[in-house]
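J.: Chain by chain, the residues:
2 protein chains.
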Amino acid sequence: MNNKVLIVGTGGIGAYFGGRLAQSGMDVSVVCRSNYKQVKKDGFAIKSIAGDFSFKPDGVYRSCSEYPETADYLIVATKVLPEIDVVNIIKDAVKAETMIVLIQNGIEIEQEVAAAFPNNELVSSIAYIGVFQLEHGEIEHQAAGRLKMGVYQGGSSEKMDLLSAHFNKVDVECEVVKNIEFFRWEKLVWNTPYNPVSVLGGGVDTKVISETKTLENLCAELMKEVCAVAKSRGIVLAEDIILKNLQYTRKFPPYKTSMLLDFENKRPLEVEAIVGNVVRIARKEKIAVPNLESIYALLSSVDIKNRV
Amino acid sequence: MNNKVLIVGTGGIGAYFGGRLAQSGMDVSVVCRSNYKQVKKDGFAIKSIAGDFSFKPDGVYRSCSEYPETADYLIVATKVLPEIDVVNIIKDAVKAETMIVLIQNGIEIEQEVAAAFPNNELVSSIAYIGVFQLEHGEIEHQAAGRLKMGVYQGGSSEKMDLLSAHFNKVDVECEVVKNIEFFRWEKLVWNTPYNPVSVLGGGVDTKVISETKTLENLCAELMKEVCAVAKSRGIVLAEDIILKNLQYTRKFPPYKTSMLLDFENKRPLEVEAIVGNVVRIARKEKIAVPNLESIYALLSSVDIKNRV
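Order-wise, the sequence lines are chains A and B.
For the first sequence, the working numbering assigns the number 1244 to the initial residue and increments by one for each residue that follows.
For the second sequence, the working numbering assigns the number 1244 to the initial residue and increments by one for each residue that follows.
Rather than coming from a laboratory, the hints here were simulated on the basis of the structure.
Heads up, some of the hints might be wrong.
Remember, identical chains collapse to one label, so a pair may be satisfied in a single copy or spanning two.
[As the list claims (entries may be wrong)] Derived DSS-like pairs (lysine-lysine); straight-line CA-CA distance at most 27 Å:
1) K1509 to K1450
2) K1548 to K1494
3) K1322 to K1456
4) K1548 to K1509
Generate the whole structure from the sequences, applying the supplied hints.
T.: Right, here's the structure in full:
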């Protein structure tokens, strides 16, 4: 059947894409933490640029151990944070036939799951979307809404293709790609500058960054460094990626990055997935990344202070 | 007589050193802005590690034009900010015999005053002190309390020596030096890292910086860059200055930098005097200062956001 989906992590991303899969006819349940009560009672209300909709999950659980069925797809849409132990959180719902699908930011975020569940199919996916949870169960979808997915470390999978087809059926563009790692780096070239700079610059949106020459220059320098590190991993990004990112971002309406929203709401920041992992590769490969290093040091400190 | 002193800028620095000169027997008046009313009424109450004291200025004025006498010494102790036009502020009190004494932070901060008053003696002075204004007229002196001063662009001056003697008479160590520019750079090697990092790191004191390896490393990198820029100006700092600064700072009690205090109190930050001027020299001399550049971009943005 391949019809049963369990979503772990029901912030904006998990709720939105889970809701779409429910619309496509799949049987979608969710594991909730802070928003459990509200979602159990009323499900999700999703305000979307593509038309508002509601999403009543088939089951709402506090943990994977409560899920009474066997998930065909276990979708992980949590933030990537050192304190979120994904392996431990999902292990009770990972059965032999379960395909694990990570819809998460950053690079080199799949290893632990891959190592813990070596016999399960693992799909790595990137969301291109502006979506967040306003209040428990209230989701605001503001921009885009696409996915790219690929089998972790390459290859193909009919089961993944089926999931992708479900998304496309409900007008969520979901592209299956051969080399998802390439697209993770490509997305990182945007995320690594704009997210930290929006926070460290004192809480500035993309419009302010684009209109402040020194901040935009800093973003460009950070992009250069990310590209250099990517290259050491065999990922060759287009030569004009930096210019294109700058130009593309200049056209945004004033947009708060997800990291700035997390900062303003005193939530943990995805420092490691978006900056730390790049810096660690750079150090290992002896690539000089002074701007990344300084951003990393400052952002780590801000993240700690912001949680207090 | 050389006995008349007018202080312009009566935050912590101006009030403290002005009060000391009054104790030494000089006739000290002040020009106040925001704290005018309070100081006019009650003068300054100074809580000091060297013993509390009060300072009732001989005259309290709203502007230099109100000062009815001729100042032998006009001491400028304002912040160094683009919007503070020192030349314009002091011009009505600068007479032929007036020695102008700048007690201010940063480098290359004397040019405008030197150019505007080419026939006046100009003294450049650095304060080594932890002092700030708690409330209007209430000064808190927490650490150190020394001065170095020298004739701008070298040379000696009996009149300056007399001022220095007045300070020393009341146990304010005031050293007359030949090359004040050297000491400005030396102090900058501390100020340029610790001030911005304390703000950009999310509001961290020196103890947190010293105990956070990545932040302390960033400070060390910034110091290296400042030393390289200093060198291009013929200022050769001791080779162990970085290590000594780190070690010295590790021994501080948790100390909030003056920039962090300004930030927390929504006051303008001395971005240009402490970072911008160094960056501009580096650009001119084509010295790569990636860490200074990124700090400069972020701090400028934070400063703007913080004023709103």
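J.: For each hint, tell me whether it holds in the structure or not.
T.: Hints, verified against the model:
Within a single copy, K1509 and K1450 get their C-alpha atoms as close as 23 Å, and across copies as close as 23 Å, so both meet the 27 Å cut-off. Within a single copy, K1548 and K1494 get their C-alpha atoms only as close as 33 Å, which misses the 27 Å cut-off; across copies the closest is 22 Å, which meets it. Taking CA atoms no more than 27 Å apart as the test, K1322 paired with K1456 passes between copies only; the shortest distance there is 26 Å, against 31 Å inside one copy. In this assembly of identical chains, the alpha carbons of K1548 and K1509 lie at most 27 Å apart whether taken from the same copy (9 Å) or from different copies (19 Å).
Every hint from the earlier list agrees with this structure, and none is contradicted.
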